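There are 2 protein chains.
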Amino acid sequence: MKAEILSIGSELVSGQNLDTNAPWLARALGELGIAAAYHTTIGDDMDDHVAAFRLAADRADLVLTTGGLGPTQDDLVREALAKAAGVGLREDPESLAAIAAFFARRNRPMADRNRSQALLPEGAEALPNPIGTAPGVWMTIGRAAFAAMPGVPNEMKLMFAEQVVPRLRLRHWVERVIVHRKIALFGKGESDIEADALDLTARGHVPEVGITASDSTISFRIRGEGLTPEAAWAQTEETAEQIRSRFGPLVLGEGATDVADALVEQLKRTGATIATAESCTGGIIAHLITAIAGVSPYYLGGVISYSNQAKTDMLGVPPELIREHGAVSAEVAAAMARGTFERSGADLAISTTGIAGPGGGTPEKPVGLVYLGLATADGVETRRIEIGPEQPRDIVQRRSAKQALNWARTTLLAWPDRGASR
Amino acid sequence: MKAEILSIGSELVSGQNLDTNAPWLARALGELGIAAAYHTTIGDDMDDHVAAFRLAADRADLVLTTGGLGPTQDDLVREALAKAAGVGLREDPESLAAIAAFFARRNRPMADRNRSQALLPEGAEALPNPIGTAPGVWMTIGRAAFAAMPGVPNEMKLMFAEQVVPRLRLRHWVERVIVHRKIALFGKGESDIEADALDLTARGHVPEVGITASDSTISFRIRGEGLTPEAAWAQTEETAEQIRSRFGPLVLGEGATDVADALVEQLKRTGATIATAESCTGGIIAHLITAIAGVSPYYLGGVISYSNQAKTDMLGVPPELIREHGAVSAEVAAAMARGTFERSGADLAISTTGIAGPGGGTPEKPVGLVYLGLATADGVETRRIEIGPEQPRDIVQRRSAKQALNWARTTLLAWPDRGASR
Chain A
29 MKAEILSIGS ELVSGQNLDT NAPWLARALG ELGIAAAYHT TIGDDMDDHV AAFRLAADRA
89 DLVLTTGGLG PTQDDLVREA LAKAAGVGLR EDPESLAAIA AFFARRNRPM ADRNRSQALL
149 PEGAEALPNP IGTAPGVWMT IGRAAFAAMP GVPNEMKLMF AEQVVPRLRL RHWVERVIVH
209 RKIALFGKGE SDIEADALDL TARGHVPEVG ITASDSTISF RIRGEGLTPE AAWAQTEETA
269 EQIRSRFGPL VLGEGATDVA DALVEQLKRT GATIATAESC TGGIIAHLIT AIAGVSPYYL
329 GGVISYSNQA KTDMLGVPPE LIREHGAVSA EVAAAMARGT FERSGADLAI STTGIAGPGG
389 GTPEKPVGLV YLGLATADGV ETRRIEIGPE QPRDIVQRRS AKQALNWART TLLAWPDRGA
449 SR
Chain B
29 MKAEILSIGS ELVSGQNLDT NAPWLARALG ELGIAAAYHT TIGDDMDDHV AAFRLAADRA
89 DLVLTTGGLG PTQDDLVREA LAKAAGVGLR EDPESLAAIA AFFARRNRPM ADRNRSQALL
149 PEGAEALPNP IGTAPGVWMT IGRAAFAAMP GVPNEMKLMF AEQVVPRLRL RHWVERVIVH
209 RKIALFGKGE SDIEADALDL TARGHVPEVG ITASDSTISF RIRGEGLTPE AAWAQTEETA
269 EQIRSRFGPL VLGEGATDVA DALVEQLKRT GATIATAESC TGGIIAHLIT AIAGVSPYYL
329 GGVISYSNQA KTDMLGVPPE LIREHGAVSA EVAAAMARGT FERSGADLAI STTGIAGPGG
389 GTPEKPVGLV YLGLATADGV ETRRIEIGPE QPRDIVQRRS AKQALNWART TLLAWPDRGA
449 SR
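Chains A and B, in that order, give the protein sequences. Here the first sequence is numbered in my numbering, starting from 29 and rising by one per residue. Here the second sequence is numbered in my numbering, starting from 29 and rising by one per residue.
Since the hints were derived computationally from the structure, they do not count as laboratory data. Keep in mind the model is a prediction, meaning the values are calculated, not measured. The reader is advised that the hints may include incorrect statements.
Intra- or inter-copy, both count: the list cannot distinguish identical chains.
Computed list of lysine to aspartate or glutamate pairs in EDC-like fashion (alpha-carbon distance at most 16 Å, straight line) [stated by the list, open to error]:
hint, residue 1, residue 2
1, 216, 445
2, 111, 86
3, 30, 73
4, 210, 39
5, 30, 76
6, 111, 409
7, 216, 414
8, 30, 341
9, 185, 418
10, 393, 89
11, 296, 86
12, 296, 258
13, 393, 258
14, 30, 282
15, 185, 422
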């Protein structure tokens with residue numbers, strides 16, 4: 029059973045508009061146990077429509093199209109479906125009545141062109157659209173069932189749920205349930221993590237396990253399948269447990285999609301408070317933390333000590349320390365973390381100082397060199413990281429911010445639950 | 029001349045991750061005068077790879093693929109290209125040396141699996157990847173030229189610009205030049221701005237003018253076409269001048285894509301320095317400023333005074349002011365801006381305090397209510413804005429941050445050039 033999703037519109041294929049319908053439909057199908065094998069996007073060209081429909085009719089069992097059902101000259105789907113099936117078009121009286129009623133409800137005259145939206149290929153069924161003018165089309169071409177839906181997301185989603193899914197159940201195409209479980213990790217490269225999980229990601233492993241990297245965060249995706257949601261979930265359990273026990277502190281946890289969420293989970297668990305001092309990361313750490321709702325009790329505040337003067341005035345970093353070691357140094361990172369810890373009263377303070385680039389690098393201190401500092405009641409530690417001199421400014425900033433957040437997270441892992449004595 | 033874009037990865041076809049590469053490539057091709065006729069997305073399945081490559085080789089002249097070049101078992105593109113072309117794979121010594129050097133620069137051992145990334149189909153050329161391990165592949169299959177690029181957006185974009193585009197020029201596929209000139213505006217709604225520009229955005233206007241809104245920034249996009257970049261540019265000149273004169277201080281300027289860039293341009297022009305104090309925006313203002321390279325001389329630093337204690341300790345906001353008026357008040361916004369102005373020594377200080385949501389709103393102070401403060405040697409002013417109680421946290425944070433940046437920008441517009449007396 030293979031499904032194909034076809035997105036139609038010149039504004040999509042040219043990249044002017046982002047297509048959110050196709051990923052939505054792919055996820056919706058996935059949850060019903062139907063795998064989308066292909067997405068195809070085409071523009072408003074009749075030959076491309078007919079060729080794409082024929083190809084889909086040949087390689088897929090189910091074809092979902094979105095877009096191209098409007099009243100204008102570049103809406104070609106109804107006609108192209110008829111051509112691909114080798115049949116004619118007829119006017120559907122019920123659809124015409126529904127379109128007329130739609131305009132009447134809004135006290136607007138129905139334009140002549142909207143009449144074309146009531147046309148259907150011979151043998152096709154109309155899919156009612158209670159919230160728009162364009163009815164959808166349900167028909168068979170070759171081996172495949174086609175559902176042509178509008179491109180307006182709300183109309184498409186309602187039509188999919190109310191009209192398409194019941195037809196899939198009637199055909200017994202929807203019986204099994206598929207769940208995707210995602211476990212995010214941070215702190216090692218994708219190839220290192222994969223090397224430790226080759227048994228899990230091997231082809232033919234049940235359940236199927238995929239691995240992806242985004243912005244240095246690595247995610248395992250486990251695909252479970254079963255007759256019920258519970259059974260599908262149960263199929264993933266052992267593999268999820270293997271990943272958790274094998275990668276230990278690298279695991280951000282399952283709810284957490286990234287390092288900041290996972291850190292905030294630890295702050296909530298331990299009841300600890302945090303403060304930040306940022307130089308090269310320029311506020312990203314604070315931004316990533318405060319993007320999370322409900323963090324106020326745990327995040328006391330932060331300083332962006334971008335200039336040397338600010339490091340001294342706002343954090344008490346001695347000017348002679350900066351003169352002797354330079355602003356980008358372990359000594360200054362430590363003094364920034366210590367100053368923030370002492371001035372904020374937080375349980376934990378993190379700091380960054382580095383060279384974000386593209387200018388400012390030297391052979392000894394290249395672009396991408398960042399020192400992190402972490403202060404707690406136990407003292408201050410520093411780490412030196414290199415993001416690589418060829419990385420652009422935003423990557424140096426984001427990755428070093430995430431490293432700092434992750435250091436705070438792994439530090440908190442060893443702390444007791446809120447209220448317990450340490 | 030038809031181009032096809034192929035996005036590869038089970039995380040894409042299943043809808044788990046949003047594909048931003050395909051729209052980016054479609055737009056980049058469009059600017060070169062090449063129309064993308066198809067996008068196709070497939071998962072990590074060898075048969076689907078080979079079938080999609082053969083189909084693309086048959087219906088397109090140029091095929092751009094992204095993804096599937098990593099070192100793991102589900103990265104199938106190199107092998108699938110060889111199968112689709114009916115050739116074998118060979119190890120490319122130069123690519124292997126580049127991959128080894130990449131790891132050496134990071135002082136990390138190269139995993140055995142990374143060796144597979146140096147494999148190339150017979151007759152193919154490697155496309156160097158200076159910022160990642162995966163080299164790309166350039167080869168001909170059937171009638172089509174294939175460029176296989178990594179899925180990591182930064183690596184893909186660099187490879188496209190430095191390796192693919194020059195090869196398109198060599199083939200004379202890129203001859204006419206299309207330029208898109210973008211003029212960004214901030215400070216009024218899209219419909220208000222559009223109403224004042226209906227003559228320019230009308231169908232058939234030469235050059236074509238589009239209008240888009242993103243995150244409250246409105247952009248006019250003027251499309252010029254010609255045989256040379258100069259001719260294409262000249263076609264846009266009169267329209268650009270009309271927009272500049274019609275919208276005056278709303279215009280962020282042409283280099284500036286958003287408010288922060290435009291503010292930094294004004295800082296450079298006037299030589300003024302700025303400092304920030306953020307509560308509800310939690311570091312976004314600092315982040316937006318420090319994302320811009322070369323801002324160090326102008327941005328002294330900032331404070332994220334997230335807790336009331338931090339407002340008092342770090343900025344000298346009197347506790348009784350917070351008790352009397354609440355942390356979200358014009359009085360506290362003013363005290364934050366004044367404290368930052370005095371403590372930082374900057375020429376201009378901006379502050380934010382508000383309710384980002386989703387919790388914490390009251391009938392008098394709903395979610396989305398934000399007070400801004402601005403302090404200069406002339407004194408302190410405040411503004412009250414409402415982003416609307418139904419907006420999500422990130423929109424409230426971003427829009428209020430941009431309003432604060434824009435206030436600083438428009439203030440600086442009246443200041444003289446650096447060195448001139450005020």
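Tested hints:
1. For the homomeric pair residue 216 and residue 445, neither the shortest alpha-carbon distance inside one copy (27 Å) nor that between copies (49 Å) is at most 16 Å.
2. With identical chains, the CA atoms of residue 111 and residue 86 are at most 16 Å apart within one copy only, with a shortest distance of 15 Å there and 22 Å across copies.
3. In this assembly of identical chains, residue 30 and residue 73 lie within 16 Å of each other by CA distance solely across copies; the values are 12 Å between and 25 Å within a copy.
4. Taking the shortest Cα distances, residue 210 and residue 39 sit within 16 Å of each other only across copies (11 Å), while inside one copy they are farther apart (32 Å).
5. With identical chains, the CA atoms of residue 30 and residue 76 are at most 16 Å apart between copies only, with a shortest distance of 11 Å across copies and 21 Å within one.
6. Proximity of residue 111 and residue 409 under a CA criterion of 16 Å is satisfied in neither setting, with 68 Å inside one chain copy and 53 Å between copies.
7. Proximity of residue 216 and residue 414 under a CA criterion of 16 Å is satisfied intra-copy only: 14 Å inside one chain copy versus 43 Å between copies.
8. For a Cα distance limit of 16 Å, the shortest separation of residue 30 from residue 341 qualifies neither inside one copy, at 63 Å, nor across copies, at 61 Å.
9. Proximity of residue 185 to residue 418 under the C-alpha cut-off of 16 Å is restricted to the inter-copy arrangement: shortest distance 14 Å between copies versus 36 Å within a copy.
10. Taking the closest pair of Cα atoms, residue 393 and residue 89 never come within 16 Å of each other, the shortest separation being 58 Å inside a single copy and 46 Å across copies.
11. Taking CA atoms no more than 16 Å apart as the test, residue 296 paired with residue 86 passes in neither setting, with 53 Å inside one copy and 57 Å between copies.
12. In this assembly of identical chains, residue 296 and residue 258 lie within 16 Å of each other by CA distance neither inside one copy nor across copies; the values are 28 Å within and 59 Å between.
13. Proximity of residue 393 and residue 258 under a CA criterion of 16 Å is satisfied in neither setting, with 53 Å inside one chain copy and 41 Å between copies.
14. Within a single copy, residue 30 and residue 282 get their C-alpha atoms no closer than 29 Å, and across copies no closer than 43 Å, so neither meets the 16 Å cut-off.
15. Taking the shortest Cα distances, residue 185 and residue 422 sit within 16 Å of each other only across copies (15 Å), while inside one copy they are farther apart (27 Å).
Consistency with the previously given hints fails for numbers 1, 6, 8, 10, 11, 12, 13 and 14, ordered from lowest to highest.
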